[in-house]
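In order, the protein sequences belong to chains A and B.
With the working numbering, letter number 88 in the first sequence gets 88, and the count goes up by one each step, no holes.
With the working numbering, letter number 61 in the second sequence gets 61, and the count goes up by one each step, no holes.
Rather than coming from a laboratory, the hints here were simulated on the basis of the structure.
Remember, it's a predicted structure, so these values are computed and weren't measured experimentally.
A virtual CB, placed ideally from N, CA and C, is assigned to each residue, including glycine.
Check each hint, because a few of them may be wrong.
[Said to hold, decoys possible] Here are some, though not all, of the chain A residues that point toward chain B, as calculated from beta-carbon distances under 7 Å:
{"hint": "1", "residue": "10"}
{"hint": "2", "residue": "39"}
{"hint": "3", "residue": "95"}
{"hint": "4", "residue": "101"}
{"hint": "5", "residue": "106"}
{"hint": "6", "residue": "107"}
{"hint": "7", "residue": "112"}
[Claimed, not checked] Keeping only pairs whose Cα atoms sit at most 27 Å apart, straight-line, the calculated DSSO-like set for lysine-lysine is:
{"hint": "8", "chain 1": "A", "residue 1": "57", "chain 2": "B", "residue 2": "59"}
{"hint": "9", "chain 1": "A", "residue 1": "57", "chain 2": "A", "residue 2": "69"}
{"hint": "10", "chain 1": "B", "residue 1": "50", "chain 2": "A", "residue 2": "57"}
{"hint": "11", "chain 1": "A", "residue 1": "57", "chain 2": "A", "residue 2": "18"}
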Amino acid sequence: EAQVTQNPRYLITVTGKKLTVTCSQNMNHEYMSWYRQDPGLGLRQIYYSMNVEVTDKGDVPEGYKVSRKEKRNFPLILESPSPNQTSLYFCASSFQGSGYGYTFGSGTRLTVV
Amino acid sequence: QQPVQSPQAVILREGEDAVINCSSSKALYSVHWYRQKHGEAPVFLMILLKGGEQKGHEKISASFNEKKQQSSLYLTASQLSYSGTYFCGTARDDKIIFGKGTRLHILP
Numbered sequence: 001e002a003q004v005t006q007n008p009r010y011l012i013t014v015t016g017k018k019l020t021v022t023c024s025q026n027m028n029h030e031y032m033s034w035y036r037q038d039p040g041l042g043l044r045q046i047y048y049s050m051n052v053e054v055t056d057k058g059d060v061p062e063g064y065k066v067s068r069k070e071k072r073n074f075p076l077i078l079e080s081p082s083p084n085q086t087s088l089y090f091c092a093s094s095f096q097g098s099g100y101g102y103t104f105g106s107g108t109r110l111t112v113v
Numbered sequence: 001q002q003p004v005q006s007p008q009a010v011i012l013r014e015g016e017d018a019v020i021n022c023s024s025s026k027a028l029y030s031v032h033w034y035r036q037k038h039g040e041a042p043v044f045l046m047i048l049l050k051g052g053e054q055k056g057h058e059k060i061s062a063s064f065n066e067k068k069q070q071s072s073l074y075l076t077a078s079q080l081s082y083s084g085t086y087f088c089g090t091a092r093d094d095k096i097i098f099g100k101g102t103r104l105h106i107l108p
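Sequences are here, hints too, so could you generate the full structure?
Below, the structure is given as structure tokens:
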């Protein structure tokens, strides 16, 4: 089944403890992206990647890192999480950029205390 | 830069029609539409590319006026399954920026 898989689905962590949210797609998509969703703000783009080793900032990149070493994987790294990063995170992929529809993962609900 | 969606929320009875609008202050390459049900991931509905085309998906269709930088989503004869939050995403330079969403609630 074609899908984007995120892990974990739920995560509670403490301020400052590094964490990684994994994202993997099995559709051979070139384009991958991370979004956070907060009430009243909609989906805001954190980072995106056009292809392996090619990444760029979205609208809210502060406090996040990404890497794209393989085409299928696009992990989101929070080096020192803070409470304002408590949010619902979605990974998405598309065949090739913004001219194609996105497939979203199931989401990761992160709570930083 | 975030596109503006209107209305913010709509309540309809089953069988009624709805229109959701999306406007941007910047020139667009394409417009995406997604539906998100509570507790689930957004699901792609359709994409409209430059050219003012209108696309359809079952009883859901959309138009894109690139000169006005606007898109509209039309839901005809709404069904209970249409309930959810609808997001438009406007695309430039391979970045998609989503609006804040329109909540649609269908009553039986």
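Outcome of the hint check:
Hint on residue 10 (chain A) is violated. Least Cβ distance to chain B is approximately 12 Å, over the 7 Å limit. Hint status for residue 39 (chain A): violated, given a least beta-carbon distance of 10 Å to chain B, over 7 Å. With 7 Å as the threshold, the beta carbon of residue 95 (chain A) stays out of range of chain B, its nearest partner Cβ sitting at about 11 Å, so the hint is violated. About 4 Å separates the beta-carbon of residue 101 (chain A) from the nearest beta-carbon of chain B, less than 7 Å, and the hint is met.
At about 5 Å, the closest approach between the beta carbon of residue 106 (chain A) and any beta carbon in chain B falls short of 7 Å, and the interface hint on this residue holds. For residue 107 (chain A), the shortest C-beta to C-beta distance to chain B is roughly 6 Å, which falls under 7 Å, so the interface hint holds. Among the interface hints, the one on residue 112 (chain A) is violated; its C-beta lies about 21 Å from the nearest C-beta in chain B, farther than the 7 Å criterion. Proximity of residue 57 (chain A) to residue 59 (chain B) is assessed by CA-CA distance (about 37 Å); at most 27 Å being required, the pair is judged violated.
Note on residue 57 (chain A) and residue 69 (chain A): the hinted pairing holds, with a Cα-Cα distance of about 17 Å set against a maximum of 27 Å. Between residue 50 (chain B) and residue 57 (chain A) the CA atoms are separated by roughly 25 Å; this keeps the pair inside 27 Å, and the hint holds. In summary, the hint linking residue 57 (chain A) to residue 18 (chain A) is supported, as the alpha carbons are separated by about 20 Å, within the 27 Å threshold.
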